[in-house]
Amino acid sequence: MKYHNLLKTAAAMALMAATAGTATAQDKTMRVRINADIRSTDPGVNRDANSDAIVLHMVEGLVGYRDDASVAPLLAKSVDVSADGKTYTFKLRDGLKFSDGEPLTSADVLASWQRYVDPKTAWRCLKDVTGSSVANVTNVTAPDASTVVFTLEKPTALFLATLARTDCGGTGIYQKSSLDAQGKWVKPVGTGPFMLQEWRSGQYVQLAANPNYVSPGGERTGYVGDKTPKVSAVRFMVIPDDAAAKAALYSGDIDVVSDVNNADVEEFSASNKLKVDKVASMGLTALLFQTRDPLLKDVRIRKALLLSLDIPQMTEALTNGQSPANLSVIPVPSPYSGKLQKAVPARNIEEAKKLLAEAGYKGQPIKWLATKFYPSLFDAAVLTQAMAQEAGINIEIETLDWATLLDRYTAGNYSAMSFTYSARLDPSLSFDMVSGNKDKSPNKVWDNPEGLKLINESTTIGDDKQRQALFDKLEGMIRTDVPLIPLYSGTRIGAVRANVEGYKTWPVGYPRMWGVSFAQGK
Amino acid sequence: MHALSKYVAKRLLWTLPTLLIVAVMVFFLVRMIPGDPAQLILGDSASPEELANLRANLGLDKPVPLQFLYWLGNVLRGDFGHSISNGASVLLLMLDRFQVSATIVLVAVALATLIAVPAGLIAAWRQNDHVDVAIVAASTLLMSVPSFWLGLVLLLVFGLKLGWLPVVGYVPFTEKPWTAITYVILPVVTLMLIEVGVLTRMMRASAIEILRLEYVMHARAKGLSERKVLLRHVLPNAFAPTWTMIGLVLGGLLGGIAVLETVFTLPGLGRLLVDAIFARDYPVVQGCLLFTALIYVIVNLIVDLCYPLFDPRVTAS
Amino acid sequence: MIRQPANLIIGSLLLVFIGGMALLALFWTPYDPAAIKLVARLKPPSAQFWLGTDEFGRDVVSRLMTGAVQSMTVAILTVAFAVTVGTITGLIAGYTRGLADRILMVFSDALLAFPGTLLALGLMVISGPNKYGIILALGIAYAPSVLRIVRASVLSAREREYVEASRVIGNSELTTMFRHILPNCLAPIVVLATSMFGWVVLAESGLSFLGLGVPPPAPTWGNMLSAARTYIEKAPWLGLAPGICISLTLLGINLLGDALRDRFDPRMEQR
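Protein chains in written order, with my numbering: chain A, 1 to 522; chain B, 523 to 839; chain C, 840 to 1110.
Extracted from the complex, chain A is given alone in its bound form (with noise of 0.2 Å):
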């Protein structure tokens, strides 16, 4: 009888833990790596990077990118626009509803819009909304609850990509418990799949699944379509040391990194324990140059510093074969990335040297800035001084942390840099991102009134083929110029366990950790 007893307990008990291990399977927590603790938790305001990686998961705006980095309604149902390309209707989605399981309307809307472009909340995007140089917003308005009117004194392309912008916070619209009775930040109360469960200072943030997520339906693509969390919590785990981190991607300590090192790549895809994922992105690493210098303030020298580099060779060797060549400022995924955009000029040593005769330079040396902080623009200045040799080029390499790299870019106190931009989504803000008056931003590199006029031009129309022929122009004139020799745009790779599902890497390179789930019976 007790043994009978026994038998059946021990039945009952395998049954349990049987049932219990399909129920609790996505109550594993999922680790991601990032490689610096965050700033904040306020969207746009006080951020970086992994700041708005994380900021991104908890609070939704108005709009947001899919994967192709193109705009799309988030938490609008639709957008429309006015004939005058000056007012923008918003319709909100229904039955939005924050963390706290409070109802979103119109009044948060404008709630949120108004602290963001109080002077004091330091937006990072104040200027962008405010000012002259995207938009300038005139007026907002809630005529019902579920409606929101943004009128912009001028008509612009670029209005809704920035409201996206993830250095903006998505715009992201929060309840006011977010705040505290003083307006002081606590922490974001958003309507995003994920919400704050705990930060701990220099170790990991933990973010928890929202109980009342509002899922829009559709397909999940970069930060709009079908949101739903399939896991309990994520911990976003400080790991500066890639090795360290490398590492724990091995031993099953961490479960997903979202950006790899190009020379990992082949390892990694070898692993029968890891999954890697590649896609093209955004971003631009470059050699800049500065045109007031008094050597290379002569466009001749700075024309045979292009012709003797290899690039195809220093871009395999800089990106790990992983990232073609791209002597453009437009990234190679953008679908303005045309033929133009990709050529590629050959290497011609006999024409830099005669092109360097032709300026008089007798091997003054040229003081070259770098930093380790990117290992890769450390090494593109020690492949550009080695190539450059060849022509007679004497470069001198200074190497400073990135702080101080910053600092000298910032105020354009250098004669060549290498240096590395982050992702700008639209030919436009690639444009403007390395073009300017030196006078009043030196931190520019491009300073032709031409090219300015055409690119303030290009924000204004909408046509994309009017758009293409303007960036075609600009391309041949950028080119002739040689302010900058853009090097590549980048591959994002993420690489996860074997057991996570539907994890995707994309252009925009943030870590998403919505709809990623680990496989049953791994």
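Some clues are possibly wrong.
Claimed, not checked - Derived pair list, reagent style EDC-like, types lysine to aspartate or glutamate, alpha-carbon separation capped at 20 Å:
1. B:K584 with A:D407
2. C:K1073 with A:E267
3. B:K683 with A:E267
4. C:K1073 with A:D379
Calculated directly from the structure, the hints in this document are not laboratory data. Only a predicted model underlies this, so the values are computations on that prediction, with no experimental measurement involved.
Using the hints provided, position chains B and C relative to the given structure of chain A.
Chains B and C only, in chain A's frame:
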């Protein structure tokens, strides 16, 4: 006893100028390094107006000497300010991270001393025979391995290949003591191995010195066993320079184990400081340096106070 | 004591070997140490490249040889700087005691309490990232350690009978200091200096890890070691080669240091 407390009081009083010099050096050195937090926050597309606004928001637009006096005034009232990076209280951040670093440094140096003292003593006693050569060679080897290499190799072997220990992460001792140990074994062992080399060599050198003095000869002549000669006469006298070295090592390590804390992903004070330097997080850099300086001074005060225990001759003065 | 010359011989041989390698590199290396050959990246050791090639296809042997010159220069000059400054100030502090001692200790404590990274970062900004900036930065960072050790030795030596005796005989303070006290500090100084030699080579490695070492394309053992870290699994020879060189040099210096100390120790002569 009265003399001793007077001595301690006097020593503590003399630490004040040291700390003041550190404070001044820190403040002006950090601000002399180019780059500022506003640029790092705004990144590659910052416009001059945005930079100026953010700098004003962070209080970085005021003259540096004024900023210094303001900061010093706050510190004297116990307010170390808030981190520019994440707004956390600098004092709390430091105390939190200090526990992690202090545990690792103390345990590692204690273990290193326990190994180095006998090893150095034996090497000195058997000077120039094969035991000595082996000990010298081993300690030399340990001194020539950079900590980031040793750490990474141990991590790959014990964490990845053998899978005995976790590769990343940290759990405070107060939460799960046993799990916590598994996270700190590798960093402690790495640090211990690095320090054993230096301490062994120091111990060996001073022991050789003492072994040559007359009173050791006398002791031997009196017919004391070698064991007694070593333990009673050589060890106490030879330990003094090693003890100074331990003081130097202990004090210097707090700021110096940043590399190890990075390899092993530990939330320690060293990493906090180095990250803050690179992020130009001025309040954290200033706070941390002042804090480590204070710790350093206290450690060395304790070291000095302990001298009479090892070197009877110093008591006289 | 019979085998006394052994450490002298082995130590000298090692240093002659390394020194010879450095000397040879001034005139000849198998390949140009800075020549980039992208088709031959990360090649393992072979008949063509004895110790393989690095991430830019540069010959490791040639870089080791040239690196020896750079690392030796930096290490020797740094140690010389730190020991000279540290010994002089240490003697003054320990011997005079009093106010000079107080002031020196306050400054040395302030420097010691200062993490090397920041000191190096700051000084490097003033001097620019070059060899002499590194020597200055590391020299200033290490001098206070010498000061402390020397001071401790002086404090214990000045109470010994023969120092008293020297003073009683009427020798000047300076004579007493140099004849009777300095020799007593020799052992710890030699140990510290030889250890420091290793620290400097490794510190340069750490600094170039942060991008602050000797600027490229000049190779040093330190920057070779730090660059090799990325390829620890793929190309272990990249780290082993400079690592072994550093170890051999340290061993040579330590052995020679021991031998020299024995030779010059005043009490050894008496016997």
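Status of each hint after checking the structure:
For the suggested pair B:K584 and A:D407, the alpha carbons sit about 19 Å apart, so the restraint of at most 20 Å is met. In summary, the hint linking C:K1073 to A:E267 is supported, as the alpha carbons are separated by about 9 Å, within the 20 Å threshold. For a cut-off of 20 Å, the pair hint linking B:K683 to A:E267 stands: about 16 Å separates their Cα positions. Taken as a hint, the C:K1073 and A:D379 pair is honoured in the structure, with Cα atoms around 18 Å apart against an allowance of 20 Å.
In the structure shown, no violation is registered for any of the earlier numbered hints.
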